[in-house]
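Asker: Quick mapping for you: the protein sequence lines, in order, are chains H and L.
The first sequence begins at 33 in this note's numbering and counts up one residue at a time.
The second sequence begins at 33 in this note's numbering and counts up one residue at a time.
Each pair may be met inside one copy or between any two copies, as identical chains are not told apart.
Computed cross-link-like contacts, DSSO-like style, restricted to lysine-lysine with a CA-CA straight-line distance of at most 27 angstroms:
#1 Lys525 / Lys59
#2 Lys403 / Lys418
#3 Lys454 / Lys321
#4 Lys291 / Lys525
#5 Lys645 / Lys454
These aren't lab readings, by the way, just hints derived from the structure by calculation.
So you can see what is in the structure, the chains are spelled out below.
Protein chains: 2
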Amino acid sequence: MAKRQFKYVGHSVPRVDGVDKVTGKAKFVGDIVVPGMLYGKILRSPYPHARIRAIDPTEAEALPGVVAVLTAADIDDLNPIYNGRPIIAMHKVRYVGEPVAAVAALDLATAEEALGLIQVDYEELPTVVGIDAAVKKDAPLIHEEKGSNIGTHEQVRRGDADEGFTQSDEVVEDTFTFPMVYHYAMEPHSVIAHYDDNDEITVWSSAQHPFQVRSDISKIFKVPPSKVRLIINYLGGGYGSKSYTKFEPLALALARKAKQPVRICNSVGESMITVRRHGARVRIRTGVKRDGTIMAREAEIYLDTGGYDDNGPQVTARSATRVLGPYWIPNIRTDAYQVYTNTGSAGSYRAIGAPQVIFAGESQIEILAAKLGMDPAELRMKNLLKTGQELRPGLKGIDANLTSSLKSLIRESGWKKSRKKKNAAVGMGCAITNAGATPVSVAMIRMQSDGIANIAAGSTEMGQGVRTTLTQIAAEELTLPMEQFRMLGADTKVTPYDSSTGSSRSTTLMGTAVQKAARDLKQQFVKIGAQILSVKPRQIQVIDGALISGEARLTFKEAFERRFGKGAGGEMIGRGEAGPEITDHKLPVFWEVGMGTAEVEIDHETGEVKLKKFISVADVGKAIHPEHCIAQEEGAAMQGIGHTFFEQLIYDNGQLINPNLVDYRIPTFDDVPEEFHTVLVENGDGPGPFGVRGMAEGGILSVAPSVCNAIDRATSVRIKDLPLTPERVWRALRDAKK
Amino acid sequence: MAKRQFKYVGHSVPRVDGVDKVTGKAKFVGDIVVPGMLYGKILRSPYPHARIRAIDPTEAEALPGVVAVLTAADIDDLNPIYNGRPIIAMHKVRYVGEPVAAVAALDLATAEEALGLIQVDYEELPTVVGIDAAVKKDAPLIHEEKGSNIGTHEQVRRGDADEGFTQSDEVVEDTFTFPMVYHYAMEPHSVIAHYDDNDEITVWSSAQHPFQVRSDISKIFKVPPSKVRLIINYLGGGYGSKSYTKFEPLALALARKAKQPVRICNSVGESMITVRRHGARVRIRTGVKRDGTIMAREAEIYLDTGGYDDNGPQVTARSATRVLGPYWIPNIRTDAYQVYTNTGSAGSYRAIGAPQVIFAGESQIEILAAKLGMDPAELRMKNLLKTGQELRPGLKGIDANLTSSLKSLIRESGWKKSRKKKNAAVGMGCAITNAGATPVSVAMIRMQSDGIANIAAGSTEMGQGVRTTLTQIAAEELTLPMEQFRMLGADTKVTPYDSSTGSSRSTTLMGTAVQKAARDLKQQFVKIGAQILSVKPRQIQVIDGALISGEARLTFKEAFERRFGKGAGGEMIGRGEAGPEITDHKLPVFWEVGMGTAEVEIDHETGEVKLKKFISVADVGKAIHPEHCIAQEEGAAMQGIGHTFFEQLIYDNGQLINPNLVDYRIPTFDDVPEEFHTVLVENGDGPGPFGVRGMAEGGILSVAPSVCNAIDRATSVRIKDLPLTPERVWRALRDAKK
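Could you put the whole structure together from the sequences, leaning on the hints where they help?
Answerer: Shown next as structure tokens:
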């Protein structure tokens, strides 16, 4: 690939939404006041498992200022189930916090007061607490009709695992657990819904996937998609917590009844009981030859999915693959089970289904390396998948040079030197994930007569900088300054179809669509220029927004005016699509790569472990905006630090007992490692524009295993349960001494 | 042109908005309730000409329920002038009805009550009444800074008119007058405006030209066009009364102050004092050779434009050309003057500037024919412009076969037979107009994964059937049933740029854009099909929404799914543009043709004239929807019947004294001629899709001259002033007897 000089791409340009955000002009759902808007609150179940005998909203309805009270009786005419859950509890509640009723009132205080006036008659049912209790033979059933508390069961098979273990010289088996954790986006999920008297629906939401929400609402409310409009301005962070449809249908059903727009903003506590990452228990067994060749892996993964599906089936499916690590394993037998319990539903969270199983797999790699007396980096290198090799049957071969990433990590982290120190507290973690992106994104660039090019792209801006990145791509292709572009916010009535903003997909897929739209528009200018300058299109060079042929020069603006007439208005539309052809109809669109090393300091008196140094490697293909890439990788690592050291939603018999920042500890700036460094690998081999590959999830993967590996290396104490609270570490160290 | 079989085009299919309209589901601005909406009323000047010394809104502001009172003091920060008028009167009022203040209140009754509480201190100024008074040397000035009461002065010159008259055998000179008339659209102009706290502007309006209103608002309120959104759902008739920007800026300034959306719906009376057709006085002189060859024409046109410009300059400019008729005239000298008077502003009205001058010109043609003893049809035929001939310098040559239209008229009306009867009350009128369409229209067709194709076209539906016609064009090109399309209403945030809906332009220009968008989309399907079926694109035939090659058949839906993946969503976008290339960069885009004959019955006792038979010819190139074409032509003729027989806004010293249906008589079904027939000429020679040429304005042109010619033919009494009230006719007949 010839080295190309880029003007916008590859440069850490100012964010296009930066000024609006720092000046407070950027509007989040909680800032938006739609005229005539009511304030909504949700009445939530206080019981983890109960039958609803009756609900009486009369008293609440009579409270002055209350406009509508919604209960299951109001949704008879709808298709109420989506993602395995009802809009609002029908007959039964399955977790503490499940919506049972909702109130729309003139102000929030009245709505809150009204909640207390709704009479609900519950019949308590036995609570299913945790994975073990859920999968017991005679466990109470959370979904009676399913016949068991197991939802999805996903398997991956290759070769003969038993035979593989037989051929192995060393076989180890361990069980790891991973806590339920909360995303802690700055903004809890928020929705404004309006159902007008013409069955036209408008929803402002902090949803990551507007088109999927549109589709769900269309089905639930039985209106064509063209009558459903999702407007997503900004999200105050997502990380998967706002993936798929959340309580948009509830807010809409309430607005429909109230005949006025209603805004519902979750509190942090409400978010914590309604969305989280799956807790997990992973039994994993790996066999290796004496030379380090991995012969077989078996895994049994139980994921605590909570009361309803949400995205649990997909998380489960993904975990069964992701547990394999970035290695060639000839014999595979993995089983992943989605387990219902009486807790809030787990959904998507950065690298769905991966941290839980990669913690297990990458811990075990170093257990094996110790047994073999090998440098664990060497053991990894030996088994790393080569480019083109298949991780498992049915998926596209590896599209990245993993060896190059691992070499970078070894070099940049000073791995070899640190290994030479005896009992140095250093450890490593390596992972890849099959990015779950559906490769369908469509974009337009609509150039106006004032020279402004509106980029119509349905990707949602949640802090990741997608508006900036897409603008860079468009600017580079059209050779126009960034200032000449406007990113239209995601709006299903305005921006073309995009399957989602998640799975690290936007730069690769929407980026491709935008790049094609820009090229399409540029080509139109070239055609106009060729006609005006009487040359062939290929004789025209496009430089800095002008069409150049020999001495002749025509700006886009001039070409536009020649096209439509001076002062006559007009519009030129470039369109672009990314579809499954982007990776030749084989998923994943790309493999995401995350590798890291940790160096820790252990206080043997208190059990406190400090992450001193963390180096991670992200193979980004091409960094469109290097600072964003680094920020994403570091942000991911910080979330990894969270679940490794502190974070855990603690349930006591179905009651979440720490739904606040005092009792639920998240990383602060104090927890940033003293040495914290991200290496961007840019081999230009990604499927996106300029060779880009999705990133931003990889950084979360290696923290937990590398930290536990470092502790083990320093203390010979292997910890298999997270988070690493001082108490847990202190006990482990004490037990080891015994 | 090979005869092509059409499935949708050329058929009078059901209107796509028909069911919504007859069931009341179609929302007009007056039906739309935006949440939080206030009700606005405008305080209007009671004086035709006065200085405003002071306005005190205090008392009105204090009225419970009043949210905001707008006066000129509130628009200091804006660019307040557009189309020659201020948003709201500043310092001075120039007609009775001029907005002086406006109130937004919780309900209409309060808003109306508040108007009475606003104290305005006026200093009356002398009123300028009528054209004669306005152009007097020492007339009071309506716009002091202009130095006279004449605005635009337009001239057309060719050859030497004086020399032409010298060479003529007969020269006649007459002066004709034409009344001020009102469009009487069913729906008076209505606007909802919302100015949100992020400077985002949304305006729902019954405006015909959303993009022009957007542009004006952008300039007035100093916000970029991308922040201004005009939504035009349906109009209850336009006829030019809703062309350009009306009181949208006023409603918006009021909403901005109220910080809530405000709806203002004009009453009929308010519309009648604020928008109308120009009254006119036309002195016209024509010279012919004995053989009927026209040698010269001179015209002096004075148009009463009212207190402000609105569209007066363009109307004036157009009249100076349109007075020439459809004839080759070697020597031309026409002058048109836009005259300010202290009356409501005149603006666009079906065939701007044409009925006034064509009444004069076509009356005079029959005066000349009588003098020459020629059949007036023969005189016309002799002088008709040939295809390609130039009516006047600077305009495109005639693109229609006028001879064929006149022949059709002569044949279909039984002209020759009726002329044989002595004193038969039959007359004729022939006209062409240079349609004032700016040739810039852009469209998209956005095919969704459910198979629905959204047509994004910014043309406004005002009853003319544009949504149906554009859908027919798209359906024909894409070979898909009409039901599979949805017309997105005009919405500047959604639909691409379109210069206007007016000048009979939409079927020709937006039709072209839609046709190209459809072809573009079809081509994309063909490409996909060719790839899947492994054939060349040209080996694929598109029939009934399927791609056919030999035995192989692939529906669009299947191709779409093959493109993006089954159930994976996606969107395919076809785009199309019509620009000045459509007529090789020369205006007009097309010449519109209107010819007709009238047969009347005269009651000599009462002076009542009844139109018994009216035959008109419209050269439509190709009728996309024949019934719509006929309805348009007949509707235009009915408006012609209105200004010919009844309609006239009567001002008494600046006060409109008949602003209601009792005193301002419009045609009713009783006035429909017994024989009323439209002939559509379809030579396929228009510049639009399938050879279409714009129509719908021509039918208004020939009524007045053909009726007056018929009266003259029957009674030898020439009436040169409209309308033909019984009193006026009776007096004319009586005076002739004297």
